[in-house]
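Engineer: Listed below, chain by chain, are the residues.
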Amino acid sequence: MSVLQILDIGLAVLVLAVAAWTIGARETFGAVVGYVAYGLLLSIVWIRLFAPDVALTEAAIGSGVTGVLLVTSGARLKAAGKVDAIATPRLSLRLSAAAVAIAAAAALAFVVLSLPAPAPSLAAEAQQGLAATGLGNPVTAVLIAYRSFDTMLEKIVLLLAVVGVWSVASDRFWGGAPAPLGRANPDGALVFLDQILVPLGILVGVHIFWVGADEPGGAFQGGAILAAMWMIAMIARVSEPPCVSSRRLRLALVAGPAVFLVAGLAGLVIAGDFFAYPAGFAKPIILFIEAFMLLSITATLPILVAGPPRRRSEP
Amino acid sequence: MKEALDLFSIVAICAGAFFFFAGTVGLLRFPDSLSRLHALSKADNLGLGLVVLGLLPRVAGLLDGLRLIAIWALVLLSGASTAQLIGRALRRRRDAE
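Just so you know, the protein sequences line up as chains G and X, in that order. Residue 599 is where the first sequence ends in my numbering, and the numbering goes up by one at each step. Residue 335 is where the second sequence ends in my numbering, and the numbering goes up by one at each step.
To be clear, the hints were calculated from the coordinates, so they are not data collected in a lab. Check the hints yourself; a few may be wrong.
Chain G side only, calculated, beta carbon under 8 Å to chain X, not exhaustive [claimed, not checked]:
| id | residue |
| --- | --- |
| 1 | F334 |
| 2 | V338 |
| 3 | D471 |
| 4 | L474 |
| 5 | L477 |
| 6 | P483 |
Partial pick of chain X residues on the chain G-facing surface, computed with a CB cut under 8 Å [what the hints assert, rightly or not]:
| id | residue |
| --- | --- |
| 7 | L315 |
| 8 | S319 |
| 9 | Q322 |
| 10 | L323 |
| 11 | R326 |
Some chain G residues flagged as far from chain X (calculated, every beta-carbon gap over 12 Å) [what the hints assert, rightly or not]:
| id | residue |
| --- | --- |
| 12 | L288 |
| 13 | T350 |
| 14 | A382 |
| 15 | L392 |
| 16 | L414 |
| 17 | F476 |
| 18 | L481 |
| 19 | F565 |
By construction, the Cβ of each residue, glycine as well, lies at the ideal position given by its N, Cα and C atoms.
Whole structure, please, built from the sequences with the hints as guidance.
Structural biologist: Written out as structure tokens, the structure is:
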């Protein structure tokens, strides 16, 4: 057995152990920390499976943004005194949840283990069509060219999530701003981190979006990094969550799906099919769409974390 | 020359691994949160720094070397900041009690 194989087995055991620990954790905060560590380990697993695009997304969205969402919702539940009420479901409910989870895992394991060798793959076809799009990264080609309609619908789902969060606002705060993310007097260390990290992070986020055309990266990963930078600025109270009635915010939220849809409809007129890109112009159009998606993702994720409006809009 | 660089890499990476090991032992064995924090930041700062130092002679080009150094600098920044934040939160809790 080679050293790499031993490391892979160790990694798999570690992932399972952290997953079990996360399920068993008694405290909300501890469980969230376990979940974040689990996500980071999973991104190493994706790297070992030679899927750096998935690894980047897992680290940024699965671990980073979801971790912040869970930490803030845990803190809000605690503040509302509702942790105990939901922490102890009935034994029968727990047992049936475990049974469903085990059945799903067993079915997945059976399917994966019974795959023929070599496993069926569309990688060759994805690589073949790459030249027509002008892109160098087949993952970006799949997302924005081969199955662009799905990707657009995913962006609309993000928008629906924002509508869902905003819809639980009480009437008197409608149009106002969400509660600030950080404490009133932020630590000097936090402000320092904000001042040094945010400019660097913006550079890295835009870079990851830009290289996504030819190398691992893209609008989703870059947008998640930019969103994280906005969240750090909000936690350090350098920036405040905007009013939900802000026109600029709403434009940023819908820009990505809207530009995507318009580009798709334009394909109907110019290239003869919904979401067809005219030959020779595919790459600039794809980058144009991705730039607006970057803007929308950067705006959407922190707005989801900030939650519904809690303050009246200032006159 | 090549052997000397290889030896340098091996020594530096092993020293880095030692600091990670010592930091992990400290995290598990030290009695209170502040000293555990101290053990953890040693692993981040010195351990990763030595591993990066050991990898530098092996990079393909100047850009890759700069990337490694940038990663180390970012870990230093985030490690030091979060250690400060956790330490101050601990002190606030102690003052409150």
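Engineer: Is the Cβ of F476(G) more than 12 Å away from each Cβ in chain X?
Structural biologist: F476(G) is in fact no farther than 12 Å from some Cβ atom of chain X, at 7 Å.
Engineer: Confirm or reject the statement that T350(G) sits farther than 12 Å, beta carbon to beta carbon, from all of chain X.
Structural biologist: Non-interface label on T350(G) holds, nearest chain X Cβ at 19 Å vs cutoff 12 Å.
Engineer: When you look at the beta carbon of L288(G), is every beta carbon of chain X farther off than 12 Å?
Structural biologist: holds (17 Å)
Engineer: Tell me if D471(G) is really an interface residue toward chain X, meaning its C-beta lies closer than 8 Å to one of theirs.
Structural biologist: holds (6 Å)
Engineer: Is the shortest C-beta separation between V338(G) and chain X less than 8 Å?
Structural biologist: Since chain X brings no Cβ nearer than about 20 Å to V338(G), farther than 8 Å, the hint is violated.
Engineer: Can L477(G) be said to touch chain X, with a Cβ gap under 8 Å?
Structural biologist: holds (4 Å)
Engineer: Using 8 Å as the Cβ threshold, decide whether F334(G) counts as touching chain X.
Structural biologist: At about 19 Å, which exceeds the 8 Å cut-off, the nearest Cβ of chain X leaves the hint on F334(G) violated.
Engineer: Please confirm whether A382(G) is truly not at the interface, meaning its C-beta sits more than 12 Å away from all C-beta atoms of chain X.
Structural biologist: Holds: least Cβ distance 30 Å, greater than 12 Å.
Engineer: Can P483(G) be said to touch chain X, with a Cβ gap under 8 Å?
Structural biologist: violated (12 Å)
Engineer: Please check whether R326(X) passes as an interface residue: C-beta within 8 Å of a C-beta belonging to chain G.
Structural biologist: For R326(X), the interface hint holds, since the closest Cβ of chain G sits about 6 Å away, which is under 8 Å.
Engineer: Can we keep the Q322(X) interface hint, with Cβ of chain G closer than 8 Å?
Structural biologist: holds (4 Å)
Engineer: Against chain X, does F565(G) keep a CB gap of more than 12 Å to every residue?
Structural biologist: holds (31 Å)
The structure does not agree with the numbered hints 1, 2, 6, 17 and 18 stated previously, though it agrees with the rest.
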